[in-house]
Structures are given as structure tokens and as C-alpha cells.
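If you're matching them up, the sequences are chains C and L in order.
First residue of the first sequence: 1, per UniProt numbering; consecutive thereafter.
First residue of the second sequence: 1, per UniProt numbering; consecutive thereafter.
I should point out that these hints are in silico values taken from the structure, not numbers from a laboratory.
Accuracy of the hints is not assured; some may be wrong.
You can't tell identical chains apart in this list, so a pair holds if it fits in one copy or across any two.
Straight-line C-alpha distance at most 25 Å; calculated DSS-like pairs for lysine-lysine [said to hold, decoys possible]: (1) 436 with 414; (2) 463 with 436; (3) 437 with 419; (4) 404 with 419; (5) 404 with 416; (6) 162 with 151; (7) 481 with 291; (8) 463 with 151; (9) 255 with 314; (10) 3 with 272; (11) 370 with 162; (12) 272 with 291.
Note that the coordinates shown come from a computational prediction; the quantities given were computed from them, not determined experimentally.
There are 2 protein chains.
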Amino acid sequence: MTKERLYLYDTTLRDGQQTQGVQFSTVEKQTIAQTLDELGIDYIEGGWPGANPTDSAFFDAAPKTRATMTAFGMTKRAGMSAENDDVLAAVMNAGTGAVCLVGKTHEFHVTTALGITLDENRDNIAKSISHIVKNGREALFDAEHFFDGFKSNPEYALSCLKAALDAGARWVVLCDTNGGTLPYDVYRITAEVVAAGIPGDQLGIHTHNDTENAVAGSLAAVDAGARQVQGTLNGLGERCGNANLIAIIPTLLLKEPYASTLETGICAEALKSLTMASRQLDEILNRVPTKQAAYVGASAFAHKAGLHASAILKDPTTYEHIPPEAIGNTRIIPMSNQAGLSNLRRRLAEAGLDVQRDDPALSRILAEIKDREDHGYTYDSAQASFELLARRELGLLPEFFEVKRYKVTVERRKNKYDKMASLSEAVVVVKVDGEKKLSVSESMDGHGSDRGPVNALAKALAKDLGPFQDAIDDMRLVDFKVRITQGGTEAVTRVIIDSEDGKGRRWSTVGVSPNIVDASFEALLDAINWKLLRDA
Amino acid sequence: MTKERLYLYDTTLRDGQQTQGVQFSTVEKQTIAQTLDELGIDYIEGGWPGANPTDSAFFDAAPKTRATMTAFGMTKRAGMSAENDDVLAAVMNAGTGAVCLVGKTHEFHVTTALGITLDENRDNIAKSISHIVKNGREALFDAEHFFDGFKSNPEYALSCLKAALDAGARWVVLCDTNGGTLPYDVYRITAEVVAAGIPGDQLGIHTHNDTENAVAGSLAAVDAGARQVQGTLNGLGERCGNANLIAIIPTLLLKEPYASTLETGICAEALKSLTMASRQLDEILNRVPTKQAAYVGASAFAHKAGLHASAILKDPTTYEHIPPEAIGNTRIIPMSNQAGLSNLRRRLAEAGLDVQRDDPALSRILAEIKDREDHGYTYDSAQASFELLARRELGLLPEFFEVKRYKVTVERRKNKYDKMASLSEAVVVVKVDGEKKLSVSESMDGHGSDRGPVNALAKALAKDLGPFQDAIDDMRLVDFKVRITQGGTEAVTRVIIDSEDGKGRRWSTVGVSPNIVDASFEALLDAINWKLLRDA
Chain C
1 MTKERLYLYD
11 TTLRDGQQTQ
21 GVQFSTVEKQ
31 TIAQTLDELG
41 IDYIEGGWPG
51 ANPTDSAFFD
61 AAPKTRATMT
71 AFGMTKRAGM
81 SAENDDVLAA
91 VMNAGTGAVC
101 LVGKTHEFHV
111 TTALGITLDE
121 NRDNIAKSIS
131 HIVKNGREAL
141 FDAEHFFDGF
151 KSNPEYALSC
161 LKAALDAGAR
171 WVVLCDTNGG
181 TLPYDVYRIT
191 AEVVAAGIPG
201 DQLGIHTHND
211 TENAVAGSLA
221 AVDAGARQVQ
231 GTLNGLGERC
241 GNANLIAIIP
251 TLLLKEPYAS
261 TLETGICAEA
271 LKSLTMASRQ
281 LDEILNRVPT
291 KQAAYVGASA
301 FAHKAGLHAS
311 AILKDPTTYE
321 HIPPEAIGNT
331 RIIPMSNQAG
341 LSNLRRRLAE
351 AGLDVQRDDP
361 ALSRILAEIK
371 DREDHGYTYD
381 SAQASFELLA
391 RRELGLLPEF
401 FEVKRYKVTV
411 ERRKNKYDKM
421 ASLSEAVVVV
431 KVDGEKKLSV
441 SESMDGHGSD
451 RGPVNALAKA
461 LAKDLGPFQD
471 AIDDMRLVDF
481 KVRITQGGTE
491 AVTRVIIDSE
501 DGKGRRWSTV
511 GVSPNIVDAS
521 FEALLDAINW
531 KLLRDA
Chain L
1 MTKERLYLYD
11 TTLRDGQQTQ
21 GVQFSTVEKQ
31 TIAQTLDELG
41 IDYIEGGWPG
51 ANPTDSAFFD
61 AAPKTRATMT
71 AFGMTKRAGM
81 SAENDDVLAA
91 VMNAGTGAVC
101 LVGKTHEFHV
111 TTALGITLDE
121 NRDNIAKSIS
131 HIVKNGREAL
141 FDAEHFFDGF
151 KSNPEYALSC
161 LKAALDAGAR
171 WVVLCDTNGG
181 TLPYDVYRIT
191 AEVVAAGIPG
201 DQLGIHTHND
211 TENAVAGSLA
221 AVDAGARQVQ
231 GTLNGLGERC
241 GNANLIAIIP
251 TLLLKEPYAS
261 TLETGICAEA
271 LKSLTMASRQ
281 LDEILNRVPT
291 KQAAYVGASA
301 FAHKAGLHAS
311 AILKDPTTYE
321 HIPPEAIGNT
331 RIIPMSNQAG
341 LSNLRRRLAE
351 AGLDVQRDDP
361 ALSRILAEIK
371 DREDHGYTYD
381 SAQASFELLA
391 RRELGLLPEF
401 FEVKRYKVTV
411 ERRKNKYDKM
421 ASLSEAVVVV
431 KVDGEKKLSV
441 SESMDGHGSD
451 RGPVNALAKA
461 LAKDLGPFQD
471 AIDDMRLVDF
481 KVRITQGGTE
491 AVTRVIIDSE
501 DGKGRRWSTV
511 GVSPNIVDAS
521 FEALLDAINW
531 KLLRDA
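Work out the full structure, taking the sequences as your base and the hints as a guide.
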């Protein structure tokens with residue numbers, strides 16, 4: 001059976017930039033465009049040339065892509081020709097292979113927002129599209145508020161689509177601009193549009209996530225015959241965001257009825273870079289990736305429930321609808337209060353510890369974890385601390401050094417320029433190989449990012465560990481998470497530290513105490529001990 | 001027209017706790033249960049009694065609710081009677097009004113995971129449900145992997161549902177356990193189940209978000225006749241989470257075809273607390289609320305695009321599918337324009353500050369807030385710090401005292417019993433009424449809950465403020481939240497402190513610095529100044 005071609009249109013660089021707090025630089029736009037192109041997206045909407053300086057700069061230096069680079073704009077204004085509309089001229093001047101213009105199809109918006117007649121508006125659409133086509137570009141028409149417009153005046157909304165197609169548009173795109181249309185209505189109205197003679201292979205869908213249904217709405221339109229899907233990476237976009245291509249793409253490629261009936265520009269090999277593409281965008285935006293994101297989240301294949309975890313060990317298809325490898329993600333079996341022994345053995349194996357099913361150490365480890373979790377510890381993400389705990393119970397943890405005492409001071413007072421400034425100082429006394437070593441370190445305002453007591457302690461602790469110094473020289477603290485939690489009957493502070501080393505390893509450790517400095521120090525000690533285990 | 005009743009079933013406390021990194025304390029469970037009850041949820045699934053200690057402790061001290069408190073468990077095991085199954089006995093012993101048992105309906109899972117015959121499994125379902133009903137409780141049956149099971153053997157899957165209903169179950173719930181079923185299949189299969197004679201008003205739906213379609217899947221089942229929806233607050237849950245009730249509820253109450261045909265236990269007034277309920281859960285989990293969350297996100301009604309913003313000012317329905325007030329959310333228009341200023345005036349009025357529309361201080365306050373937010377501050381919840389900032393700009397903030405310097409030390413070493421113990425000591429120098437005052441305070445391990453440097457500082461600072469001493473004697477620090485966030489181009493620590501006084505007031509303040517001690521001190525100072533404003 002020949003598959004029908006479905007086209008993917010990404011608007012991360014344009015609609016995605018409407019997100020509160022998001023403003024891409026030109027270089028960032030170039031990076032994202034390259035990732036989209038390597039993934040196999042068909043159209044890359046790069047921005048609105050003329051509307052803001054970075055958009056224009058991006059088109060001037062747009063990377064050469066296999067994908068069709070597309071400039072966004074709006075249909076010409078009334079009372080002037082397409083040739084004389086300077087806003088449209090700026091869009092054309094970007095020189096892209098395709099141009100996508102948004103225009104109105106909802107009579108309420110034509111009369112209220114534009115204040116022109118319905119005929120004038122339709123004429124603006126037709127003339128604008130003709131102008132694009134005459135200039136040898138591919139033309140797309142984004143029909144703003146189409147679903148609301150169709151509900152209030154279907155004849156008029158349809159006549160606008162027809163006007164665009166008659167003028168030579170390659171695509172007309174049904175936009176649910178305010179995000180209020182539910183999937184069933186998207187399906188019903190798209191089907192009526194197809195039944196009215198608009199060919200599905202010229203019909204696109206553009207949804208927003210205001211009811212958390214943008215992905216479902218896109219699929220509903222595809223079910224009804226639309227063959228272009230518009231969306232953004234990670235669902236970036238104004239208000240609640242656009243349809244999330246990162247969630248739509250694997251559904252189209254891996255799941256029925258789509259996998260066996262439709263074809264996209266994305267191959268199975270490229271699909272494996274999807275998780276990376278999602279995280280790259282978060283990195284550019286300096287966002288913590290959403291753990292629970294569909295398909296690509298760090299928790300998407302994490303099995304916490306004891307019953308699920310033991311079934312997964314027998315056969316992953318018991319609780320996984322697709323294999324995580326297909327989209328470049330990985331399976332996680334975390335420890336928790338509810339985890340069983342099989343879960344524990346699996347986790348130990350991941351740490352390189354093969355423990356027999358009947359080893360009594362298993363239940364000791366489990367009891368120790370439960371007890372510590374009751375006191376505020378968490379081992380779901382702190383795999384390195386988990387490994388140390390297990391090794392201690394198994395008698396497999398050497399004592400590299402012993403901390404005899406430490407002291408940390410934070411002092412805030414006026415400096416010589418008569419401004420308040422802080423100085424943190426830490427002293428740590430350790431015993432290594434029978435020898436006592438005393439280290440001191442300080443950090444102060446305005447000297448890089450390491451200005452607090454925890455960093456002073458970390459620096460002092462790492463300063464002189466004798467024979468182990470080489471092994472820890474390349475490690476650094478990359479993240480530090482603090483929360484107040486319940487430890488037994490009292491509030492305690494839980495600190496999770498993420499560390500990294502020159503070999504590209506990244507590991508997490510946990511510390512808990514009523515005293516934030518002690519909790520941090522405990523997590524630091526675990527981080528160093530784990531590193532020494534690997535390299536000393 | 002009489003509306004059909006649709007029931008809402010929340011499993012935040014059970015399935016929600018399957019989220020990686022989530023472990024509720026008993027007190028947190030009680031708080032969440034009360035919020036759910038006030039909202040008007042019909043069923044609150046509190047946990048699996050016997051499976052872990054906090055779940056059992058919660059049922060022992062469960063709040064009295066209008067909602068039906070429900071205990072979760074699994075159908076009895078083969079080879080023993082329901083009466084003799086100790087796992088089931090622990091569930092029954094929780095004494096809840098309803099009991100929900102999960103059981104298998106997918107032949108592959110019966111034979112592979114359980115290793116029993118199909119008849120044995122169906123018999124286990126029937127006997128378990130009978131056991132619940134005989135004991136005078138309402139019985140629910142969660143049909144695990146129902147959709148996959150129905151696809152592979154529809155007769156068997158249906159026969160399990162019928163066995164549960166024949167045994168007296170009030171509800172049978174179709175669970176898409178691995179989250180892989182797309183909305184259209186949920187609709188089709190639910191419709192077939194109804195057509196096969198399972199009454200819609202005894203049929204529930206339980207979806208997961210692995211393809212970002214959990215909300216749409218729930219709505220599809222309702223479209224096909226199901227009249228119970230299971231989900232969690234904020235879509236908490238294993239892997240990618242459960243269906244998000246926070247997104248489903250407003251769609252059911254505010255949007256067609258649901259609003260005019262279905263009735264839930266949630267009234268229009270309670271719906272206004274939805275945003276608060278969502279943020280409360282994030283606060284308990286120490287999570288940053290998702291700005292783009294449907295309906296309740298801080299960006300859900302934020303209009304960044306210039307064209308949208310100006311249309312919104314003419315008529316909000318141009319770009320909003322529902323009014324934000326309906327769910328207790330607020331519209332955000334870029335700070336620079338008129339709407340931003342009227343928002344600010346409302347917030348000032350809440351702090352008792354009536355500022356005229358044309359007061360130039362308004363734009364100074366706005367600029368100051370924006371600048372501080374760029375540096376990591378947040379004033380969403382820290383209303384007391386917001387008030388102090390505004391008063392400073394308005395010239396309405398007296399200087400009660402001045403901090404000249406401070407110093408805090410944490411020392412950890414062996415005590416006289418040869419055990420490691422910590423001592424925190426703080427020295428604070430303030431100038432009050434022209435007089436310099438030097439206070440010192442210490443806190444140590446094992447002496448109440450105040451054992452860290454921040455508490456030592458708080459005690460020292462509050463120790464001697466001369467004429468203001470009376471006013472602050474009854475205040476205490478009740479919560480302390482720390483987060484690493486972005487401040488300009490660098491990572492900074494943000495501390496939010498909640499304080500309380502003898503008059504029952506509770507207020508929040510914020511401090512930001514690369515140094516956690518400095519950030520804490522800043523928030524402490526705000527807390528004390530706010531208290532002095534009220535009482536000095």
C-alpha cells in the first residue's frame with residue numbers, strides 16, 4: 001500500500017517566540033533551524049521579517065536547509081495594493097522559498113477588529129496570495145480563528161479558503177487561534193471542510209493548547225483528512241503554547257493508524273534524535289526539561305510502582321506502549337517506598353553490583369532505604385547516593401578519608417568602598433592515609449558564581465585529599481537543589497547536588513539535616529566518594 | 001433539560017504519588033484531601049493501605065470529607081479466599097466508604113504476569129468485589145490495560161467487566177494503563193463497551209499522558225457515554241502522569257457540549273479556586289508552577305503579541321476562549337501599557353495603599369518590580385515584600401533599624417560523647433534609634449527544630465530591637481523555601497520565608513542572592529519590617 005504524505009511545519013521560531021519570556025538570538029535561531037532540518041521537518045517558519053530585528057537578521061543569515069524556509073506575515077491591508085503594502089514587502093524581501101500569511105475568516109473579527117467589509121477582506125486574501133505566487137514563491141494561508149468563524153458563518157469562512165486556493169495557495173491552514181476548540185469539533189469541522197471540496201492534501205491544522213488538547217486536535221484534523229500539521233518544539237508558544245511536535249511526531253511515526261498509512265519527512269534514524277532536539281531547546285531557553293513530557297521526558301519511561309517494575313523486568317511491553325530507544329530516551333527503574341526487591345536488584349545492576357536474589361543484604365538495603373526515606377531522603381534521582389548506601393551494606397565501600405571536623409563562616413559587612421559585601425570562609429579537617437590535613441577556602445561577592453558557604457566548603461574539601469587529589473581535580477558542582485521536607489516528625493532540609501567531571505559523567509547525591517549546611521556537606525561527601533570509587 | 005451527572009474521581013494521593021520524586025507526608029495528604037473536598041470532587045483515592053506507612057497513617061487520620069474517601073488495592077490473589085488475603089484485608093481495614101481494586105482484563109497479562117487461567121482471574125475479580133459489597137462498602141473495579149485487552153480479546157475483557165458488575169460493583173473503570181491508546185480508539189472502544197450492555201452511568205475512564213492525549217482521551221470516553229473521570233491535580237502520576245483534572249474540570253463546566261448536558265459536584269464558585277488548588281500542590285512539591293499550564297498557568301491568559309494585546313483591550317473574547325476569572329486566574333497584558341498599571345493599582349489596594357491613577361510612582365514601582373524579577377525575585381506570593389518595595393517608592397516606609405553587619409558560623413565536630421554534632425552561631429549588629437546593638441545567638445543539634453544558620457540569624461536579629469522588641473516578640477518563622485533560579489545571567493538562590501504572629505497573621509517575604517545565607521537574611525529583614533509596619 002502506498003502511504004499518503006503528511007507534511008510537518010514548525011513555527012518554534014515564530015509562534016514559539018510569542019511565549020512569555022522567550023526571545024531568541026539570531027545564533028539560537030540558526031541552531032534550532034539546523035536541528036529541525038536534521039530531524040526532517042518539511043517547513044521551517046523563521047519569523048516575521050520586518051516585525052522585529054532578530055527575525056530580519058535571521059533571514060539574512062538563514063542556514064541552507066533541505067526544509068523549505070518560510071517567512072510569516074499578514075495579508076495586505078485594505079486600501080492599498082499588495083505591491084504597495086510595506087509590511088508585506090518586508091516579508092517578501094526575506095527571499096524565502098515559501099511565504100505564509102495569516103488572514104481573517106471569522107466575520108466577527110473582520111467587522112470588529114479590521115472594520116472592513118467581508119468582501120474586502122476576502123479580496124485582500126486573494127490579492128496577497130496572488131502576489132506571492134506571481135513572485136515565484138510557494139504560498140500558504142493561515143486562516144485565523146477558522147473554527148469559531150466556521151461555527152458562526154460557515155459559507156464565508158469556506159469562501160475565504162477557496163479564494164486563497166483559487167489565487168494559487170499551496171496550503172490553507174485551519175487555525176484555532178484562541179485554543180478553545182475541542183478535538184471532536186476540530187474533527188467534525190475539518191471533515192466538513194474536506195466534504196465542501198477543499199482537498200485534504202492542501203489542508204493544514206494549527207492548534208493551541210489552552211484546553212490541553214492541542215496534540216489531540218492536530219490528530220483529529222489528520223483523521224479528518226488534513227495533511228499538514230503545524231506546531232512547535234516542546235509546545236512552545238503564546239499563552240499555553242502551540243501543538244507540541246515533539247509529542248505528535250512519534251505518534252505519527254510509531255502508532256496506528258498513522259504508522260502504516262502516512263509518511264513524513266522523518267526517518268526512523270532521525271527519530272532517535274527527538275529527545276536530544278527537545279532538550280537542546282530547553283538548554284537554549286535555560287529551562288529545566290519537563291520530566292513528565294510525553295515520549296522524551298526523563299520520567300516518561302520511569303517505572304516507580306513495585307508491581308509495574310517487576311512486570312517490566314519480565315517484559316517491557318507489559319507497561320510500555322513503545323520502546324524508549326525509538327525516540328532516543330531511556331528506561332528508568334527508580335527506588336522508592338513502593339519498590340520491591342526485583343526493582344532493587346535491577347537498580348543495583350545498573351550500578352554494576354550483581355547481588356543474588358537470596359542475598360540477605362537485599363532486605364537490609366531495602367530497610368535502610370525505607371528508613372532514610374522516612375527521614376526525608378529521596379533516592380529516585382540520587383543514584384550515586386543510592387549506590388554508596390548499597391555498597392556500605394554489602395561491605396563494598398572503602399573509606400577513602402575521614403572528616404574530623406569543619407567550620408564555615410559567612411560574614412556580611414561594609415567593604416572598603418562602603419558597600420555591604422559578603423565573605424564566606426570554610427575550614428575542613430580530614431584524615432587521609434593516617435595523616436591529618438587541614439584545608440581552608442574562601443569565596444566572596446563578585447568573584448564568579450561560587451559565593452556561598454556551600455561552595456566554600458566544597459572548595460576546601462576538594463583542596464587537599466592527598467593521594468586522591470588527582471581523581472577529584474576534574475569534578476565540579478553543577479546544580480544544587482534545596483527543599484524543606486518532613487523528616488520523621490520534624491521539618492528538615494534536603495539538598496540534592498548534581499556533579500560533573502571531565503569524563504562527561506554526571507551524578508546526583510542527597511543529604512538531609514535540620515541544618516542546611518550539614519545537609520549540603522553530606523551530599524558533597526557522597527559526591528566525592530562516588531567519584532573516588534570510580535577513579536581512585 | 002435535566003443534566004446527566006458526571007462523577008470526578010481524584011487519585012493524586014495514590015497514582016499521583018507514583019511520580020518520580022514525589023512522596024507525600026501524612027500532613028500533606030490531609031491538606032490535599034481538604035482542597036479536593038472543598039473543590040467538590042466526588043471520590044478521593046487516598047492511597048494503598050498496607051503498601052506503605054504514610055498511606056496507612058493517612059487513612060488513620062483522614063479528614064472528614066463530603067467526598068467519598070476511597071482505599072485502593074488489588075483483587076485477591078489466586079489460591080486463597082478474599083477473606084484470607086492479607087493484602088486485601090489491609091485495604092478493607094482502612095474503613096473507607098469505597099474500595100477500588102485494580103485487576104487484570106487483558107489475557108496476555110493474566111497468563112504472562114499472573115500465570116493463572118482466564119477463568120481464575122475473572123473469579124478473583126468477582127469474589128473480591130463481592131467481598132467489598134458484603135462488608136457494606138461501595139466497590140469500584142479498575143480494569144487494568146482494558147483497551148489493549150479489548151483489542152486482543154474483546155469477549156474476555158468484557159466478561160471481566162460484567163463479572164465485576166454482577167458482583168455488585170458500583171463502577172467499572174476502563175484504564176489505559178500504559179498510556180498508549182489514542183483518543184479516537186478510546187472513543188470507539190468505550191462506545192463498543194456501552195453498546196455491549198455496560199451502562200454508561202457505571203462506567204469510568206482512567207487515562208495516562210504518554211502521548212500527551214490523556215485529557216482528550218478522558219473527554220472521548222465521556223463523549224462515548226462514560227460518566228466517571230479519574231485523574232490527578234496537575235496531571236501528577238507515574239511516567240508522563242495521569243489525566244489532568246485541573247484541565248478537564250473547566251472544560252466540562254465551561255465548554256460545550258458538556259456545560260449544558262452534564263452536571264458535576266463542582267459549583268461555579270468552587271471553580272474559582274481551581275488556580276489556587278493547582279498552585280497549592282506545586283507549593284507542597286516545591287515545584288515551580290508550569291506557566292503554560294492550560295487554564296491555570298500564569299501565562300494562560302498572557303497576551304504577548306502586539307496585535308492580540310490591542311484586540312484584547314477592545315474585547316477579551318477576541319483572543320480568549322473563556323474568561324480567566326472563571327477559574328481564578330488573571331489576564332496579563334505586557335507591563336508597559338494601561339492594563340498593567342491597573343493590575344498594579346489593584347494589588348496596591350490589597351496592601352492598603354490607595355494610589356491615584358496618575359501618580360508617577362506607579363511606573364517607578366512597575367519598573368522596579370520588572371528589574372527585580374529579571375534578577376530572580378518573585379512577587380507572586382511574597383505580598384509582604386511587594387508591599388515594602390511599593391512603600392519605599394512611595395516614601396511610606398520608615399527605617400525602623402539599620403543592619404550594620406552580621407556573621408554566622410556553622411561548626412561541626414565531635415562532641416563530648418564522641419559523636420559528630422553541629423553548632424551554629426550568629427552575631428548581628430544593628431543600629432536602632434541611633435544606638436548600636438550587638439546580639440549573639442546560637443543553635444545546636446538536638447535542641448528543637450531550629451538548628452541551622454538561618455535560625456541562628458533569625459534569633460539574633462530578633463533578640464534586641466530596643467523599642468520594637470514588643471512588636472516582634474510574637475512572630476515566628478513557619479516555612480522556608482529555597483530555589484536556585486536565574487538572576488540576570490547567573491544562577492542565584494531565591495529564599496521565600498513564611499512568618500506568623502500571635503494575632504494569626506501569616507505573611508511571605510523573598511530574598512535573592514548568590515549566597516544562600518544572604519538571601520535568607522534579606523527575606524528575614526523584610527519579614528521583620530513588615531511586622532513592625534503593622535504593629536510598631
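Violations among the numbered hints: Of the numbered hints, 8 and 11 do not hold.
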